[in-house]
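S.K.: Residue numbers (this note's numbering), protein chains in the order written: chain A, 5 to 186; chain B, 5 to 186; chain C, 5 to 186.
There's no promise every hint is true.
Identical copies look the same in the list; a pair holds intra-copy or inter-copy alike.
[To be verified] No more than 25 Å apart at the CA atoms, straight line, and that leaves these computed lysine-lysine pairs for DSS-like: (1) 99 with 166; (2) 99 with 180; (3) 124 with 161; (4) 166 with 180.
Simulated from the structure, these hints should not be mistaken for lab results. Computed from a predicted structure; not experimentally measured.
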Amino acid sequence: MRKTAIILLCGIAALFLTSAVSSRSTQSSYGEDRAQIEDLEARYLFALDFRDADTYAMTFTQDGVLDYGPVITGRDAIRNFIAGMAKTDADRAAKDSSGLRPAAGRHNITNVVLKIQGNKAVGRSYWFHYSNNNDKRTAGLDSFGHYEDEMVKVDGKWLFSKRKIYNEQVAAWAAKPGNPAW
Amino acid sequence: MRKTAIILLCGIAALFLTSAVSSRSTQSSYGEDRAQIEDLEARYLFALDFRDADTYAMTFTQDGVLDYGPVITGRDAIRNFIAGMAKTDADRAAKDSSGLRPAAGRHNITNVVLKIQGNKAVGRSYWFHYSNNNDKRTAGLDSFGHYEDEMVKVDGKWLFSKRKIYNEQVAAWAAKPGNPAW
Amino acid sequence: MRKTAIILLCGIAALFLTSAVSSRSTQSSYGEDRAQIEDLEARYLFALDFRDADTYAMTFTQDGVLDYGPVITGRDAIRNFIAGMAKTDADRAAKDSSGLRPAAGRHNITNVVLKIQGNKAVGRSYWFHYSNNNDKRTAGLDSFGHYEDEMVKVDGKWLFSKRKIYNEQVAAWAAKPGNPAW
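Isolated chain A (complex conformation):
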């Protein structure tokens, strides 16, 4: 009986330790996953607007899909896409003779709806863009739309496996009728 008691004690202790460790390291809950995904969404936009092609590409899975009308597949192609935007900006700046500072443009995300199930998530959210790309560097809203996303948690990090971008400035890319969320 003493042996049984000691075995039981050890068992309970082991269970307890396992639970304590796992509750600290995995932190898997709606709140924890949503916090990580919101950070991902924000880092994605900093990388986009500041033309940081490497960081932007790393917000996608290796075979991730970026669909903004045209569809770009895979991290390398996505990296090249943003690197191309950086080059276009640099070329434009080199030719600019206005004497003005470079114009700034920024994408913003709001209204983040997230359904999370284990290591997969589906998201809906709004985006809008403003800039000061005019000869007085005056701020103005210039476009908006929404995102429809699929995300996966790979080695503890959330990444986009697919981002589809709807854009109300282009008829073919505008939202279809009906609520995209739930």
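Position chains B and C against the provided structure of chain A, taking the given hints into account.
M.R.: The following block gives chains B and C in isolation, referenced to the frame of chain A:
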């Protein structure tokens, strides 16, 4: 003494299991509740802008109050209110002879302040609206204000029991002096 | 051996209780800390826009630094800065003979990127401002930029130890090249 030890062991095991179960299912903490409420706020706005009357109504409690100047009380009345907006849109589209795609308008929420106590929450946040309702489908900001909300957790789901909307485009609905938050 | 078993039992019970208590009170995890910091960011902006100098100052540490071009150091100086803005508003309103309601202006935060390590955090985020400060009280976007923040958790509450504000409306305060986030 052996019996006592075994009873103690069983007690500890029971406590341990109860705690493990409750920490997974209730997940009641500021972060978890805030995550759920942010999702509610976002789903509310998708439902509003895409005229999804059922989903919109279901973000309120059965006797929820929507106060945007006029006051609408109860889920059924709230559903009818959004259904009416959908009908107005459809009628306008039916009469439209411009050849343009339907205009889009979107409400956004930012600056979410939340005080949460058990199954009740009080919220303050900003909203703004942009649209492309013009003959070139050019994006523009058109209105803004703030929300003052009361929320309750019913059967594990957060719902609005009252949303009061302040709107800076209408003198009577503009914010009163003083910080609405804390 | 019985004594040993009882001592072991008491030890396990004590560990268990400690763990249960600490998991409820400290709630230290990325999600919990991010939720608190997002609330701080939102309360900061309500206090700013509604000229609540005391609440605004209390979002900073006692020796906190606000750098919006000029640098203001310490809670008292920060409080005086916002109180000065409130006085300017009041003076302007007293001289106003337009018959219009007071204009409203609002700062918004989006794209919140946060790195949190124990009681310290580093943040990057976007801000933009809209107002209706014209003779028709028409809403319009008027400025934007980004924040680079340092935060600390003092007595369980997150506060800004330093906020640096980049502003795209002023050449000297505009973002430097390169992604400010990661």
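S.K.: If a hint holds in the structure, say so; if it does not, say that too.
M.R.: Verification of the supplied hints:
Within a single copy, residue 99 and residue 166 get their C-alpha atoms no closer than 36 Å, and across copies no closer than 38 Å, so neither meets the 25 Å cut-off. Proximity of residue 99 and residue 180 under a CA criterion of 25 Å is satisfied inter-copy only: 20 Å between copies versus 40 Å inside one chain copy. Taking the shortest alpha-carbon separations for residue 124 and residue 161, both the intra-copy value of 11 Å and the inter-copy value of 21 Å come in at or below 25 Å. When the C-alpha separation of residue 166 and residue 180 is checked against a cutoff of 25 Å, the pair qualifies only within one copy, where the shortest distance is 18 Å, while the shortest distance between copies is 31 Å.
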